[in-house]
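Let the sequences and hints guide you as you build the complete structure.
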Amino acid sequence: MFLEDITLTFIAPCIADPEKIRLIAEVSTDISGVMPYLNAVMKNATYNRKGPSFTFMKEFRLVNLYPGKITMAKALNTTDAWQVLNWIKDMINDVYEKRDSIVPNYELRSKPTALQIYGWLPRKNCKECGEVTCLSFAVKLLLGEKSLGGCRLLFTPEYAEQRKTMLEIVAALGYETVEGLDSKTGYRTQ
Amino acid sequence: MGIYLDNAATSYPKPEAVYRAVDRFMREIGASSGRGAYRQALLADKVVFSAREALGKLFGIRDASRIVFTSNATESLNLAVKGLLKAGDHVVASSMEHNAVWRPLKRLEAERGIEITVAPCAKDGSLRPEDVIKAIRPNTRLVVMTHASNVTGTLLPVGEVGAAARDRGVLFLVDAAQTAGTCPIDAGTLGIDLLAFTGHKGLFGPTGTGGLYIREGVDLLPFKEGGTGGESILEHQPDHLPDRFEAGTLNISGIAGLLAGVDFILTEGIDRIRGKEKELTGHFLRALEIIPGIEVYGPKDPEKQVGVVSLNISGVMAQDVAYVLDEVYGVMVRSGLHCAPMAHRTIGTIDRGTVRFGIGYFNTIEEIDTMVQALAEIAGKTLTWK
Ligand SMILES: Cc1ncc(COP(=O)(O)O)c(C=O)c1O
Ligand code: SF4
Numbered sequence: 068m069f070l071e072d073i074t075l076t077f078i079a080p081c082i083a084d085p086e087k088i089r090l091i092a093e094v095s096t097d098i099s100g101v102m103p104y105l106n107a108v109m110k111n112a113t114y115n116r117k118g119p120s121f122t123f124m125k126e127f128r129l130v131n132l133y134p135g136k137i138t139m140a141k142a143l144n145t146t147d148a149w150q151v152l153n154w155i156k157d158m159i160n161d162v163y164e165k166r167d168s169i170v171p172n173y174e175l176r177s178k179p180t181a182l183q184i185y186g187w188l189p190r191k192n193c194k195e196c197g198e199v200t201c202l203s204f205a206v207k208l209l210l211g212e213k214s215l216g217g218c219r220l221l222f223t224p225e226y227a228e229q230r231k232t233m234l235e236i237v238a239a240l241g242y243e244t245v246e247g248l249d250s251k252t253g254y255r256t257q
Numbered sequence: 169m170g171i172y173l174d175n176a177a178t179s180y181p182k183p184e185a186v187y188r189a190v191d192r193f194m195r196e197i198g199a200s201s202g203r204g205a206y207r208q209a210l211l212a213d214k215v216v217f218s219a220r221e222a223l224g225k226l227f228g229i230r231d232a233s234r235i236v237f238t239s240n241a242t243e244s245l246n247l248a249v250k251g252l253l254k255a256g257d258h259v260v261a262s263s264m265e266h267n268a269v270w271r272p273l274k275r276l277e278a279e280r281g282i283e284i285t286v287a288p289c290a291k292d293g294s295l296r297p298e299d300v301i302k303a304i305r306p307n308t309r310l311v312v313m314t315h316a317s318n319v320t321g322t323l324l325p326v327g328e329v330g331a332a333a334r335d336r337g338v339l340f341l342v343d344a345a346q347t348a349g350t351c352p353i354d355a356g357t358l359g360i361d362l363l364a365f366t367g368h369k370g371l372f373g374p375t376g377t378g379g380l381y382i383r384e385g386v387d388l389l390p391f392k393e394g395g396t397g398g399e400s401i402l403e404h405q406p407d408h409l410p411d412r413f414e415a416g417t418l419n420i421s422g423i424a425g426l427l428a429g430v431d432f433i434l435t436e437g438i439d440r441i442r443g444k445e446k447e448l449t450g451h452f453l454r455a456l457e458i459i460p461g462i463e464v465y466g467p468k469d470p471e472k473q474v475g476v477v478s479l480n481i482s483g484v485m486a487q488d489v490a491y492v493l494d495e496v497y498g499v500m501v502r503s504g505l506h507c508a509p510m511a512h513r514t515i516g517t518i519d520r521g522t523v524r525f526g527i528g529y530f531n532t533i534e535e536i537d538t539m540v541q542a543l544a545e546i547a548g549k550t551l552t553w554k
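Those protein sequence lines, which keep their order, are chains A and B.
Under the working numbering, the residues of the first sequence are numbered 68 to 257, in order.
Under the working numbering, the residues of the second sequence are numbered 169 to 554, in order.
Some clues are possibly wrong.
[To be verified] Simulated pairs of lysine-lysine, DSSO-like, Cα-Cα distance not exceeding 27 Å:
1. B:Lys444 / B:Lys225
2. B:Lys250 / B:Lys302
3. A:Lys165 / B:Lys225
4. A:Lys136 / B:Lys214
5. A:Lys207 / A:Lys191
6. B:Lys225 / A:Lys125
7. A:Lys110 / A:Lys125
8. B:Lys472 / B:Lys291
9. B:Lys254 / B:Lys302
10. A:Lys207 / A:Lys178
11. A:Lys125 / B:Lys214
12. A:Lys110 / A:Lys178
[As the list claims (entries may be wrong)] Covered stretches of chain A, going by a simulated chain B footprint (3 or more residues, C-beta under 8 Å):
13. 72-81
14. 146-152
[What the hints assert, rightly or not] Chain B side only, calculated, beta carbon under 10 Å to chain A, not exhaustive:
15. Arg207
16. Leu210
17. Ser233
These are calculated hints, taken from the structure and not from any lab test.
Beta carbons are placed, not taken as given, at the ideal position from N, Cα and C, and that holds for glycine.
Listed below in structure tokens is the structure:
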């Protein structure tokens, strides 16, 4: 088996939504190699070749795959988290098994839609970004007319999980990430 | 050490892995699941999750979160019945039910005004599906029946009744206390909406473990609220499973053992386990036929029953047979009504009870032979005393 084991190493309530949980899990095998194959078979995922990282939603849960770990936010509880982790493990192993018949895709497979981006924004319509609604901000972000840093709320601790996902997506889109941000934490450096 | 033939009460011995799993858990992990972010707690969590998954595999349940842990089948049955039934609801139950089904129903009859119809079983404990179907009415909410009787071992037609209940939009609760781990059970194919099982019998777990499978779409009211680890901020018990029904710290050391027990079953194979049960039971039943003065209850056919055999020796009280078997021959069995008076009314032994033999996976043909020899001696003596 390609990926033998996934070990939960961290679990905490989601910051924005304390009814849900976020977590980090270590993978027993480096999974960067399967990402282009996952990218070829999964719809609505975002592959960032440079990271590398692979980001997608499993229903309402935010999932980020990295070479040695998986992060997830908005899981219902640990049972739910384990179920999704097992599903990810099976999917990775399945794609790995079939890799000879899959044409790997190293590009961003499909641009996320404005609505998807909207889902990851704070959805407060606070207008701080200079847009009337978060949705219009999302549209401009996709067009490359706005930078992520324009949404101040997203860079408050409350939106840590969404921020991480958004940073992955913006990077995968090939846009500048955000000026003046620490590349690791996503917080403003000053 | 004597011969243990009370596996219908609780299985003994357990597979070696079960003892080791409990010991290892308590020594090396020992943390509470769902309640901490440190490694040990996450390991504890993994144990609980793996147990859910293993049980899901055994019972053909894809979504393991629909299996909630309880302390035994009794708690599961109480949760199902009391969480579901409201005033004016009608229930159909078989006449072989254990008190774990019957008493909660009687309480709801008195307190909530539910109505109960008992579908009569034959003298060997068997049930014709049409007798259940006949009893279904427009206000029937639930059909509940045991998968196999703990008195006669008789297997009840869960598949047929499940299909009929499903066709009529009636929920179906199965008490699998005597069959979980010894007979194949596929909740989906059998049309089971609620499956109550206990961990300490056929599943080889420690006492104090058990669970209830709740099919998606079936909503029950929990009867306890409290801490669930996650979501402490909510004022109400969380809605999603399994947390909705698992307030309070789980019996994780027990669940660690249960996991080892279920893994053992999955490795051996349920068909092989059932096969051995049939072989031992068949051997016992054939031997009993040739001993005069013994009345055997139930279908007397290993295909139609689990490894539970009830009998009486003419002229001897059941508890005396059990006592002599233990004192003189070192054979451990049980006598009396086995918490199922309704079943004894059905088979006509309410006044005297029965001696019950609970055959398990670790019993051997030699042990059965020793016991048959003992029974022949007891029966022979009493016959000559007359
Ligand atoms: C048919 C049946 N139902 C329910 C139970 C209750 O099981 P427990 O005592 O584990 O709750 C038993 C066993 O005692 C049983 O045989
Ligand atoms: S700043 Fe962020 S939250 Fe406010 S309107 Fe713009 S996108 Fe929405």
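_Unmet hints by their number, sorted upward, for this structure_ = none
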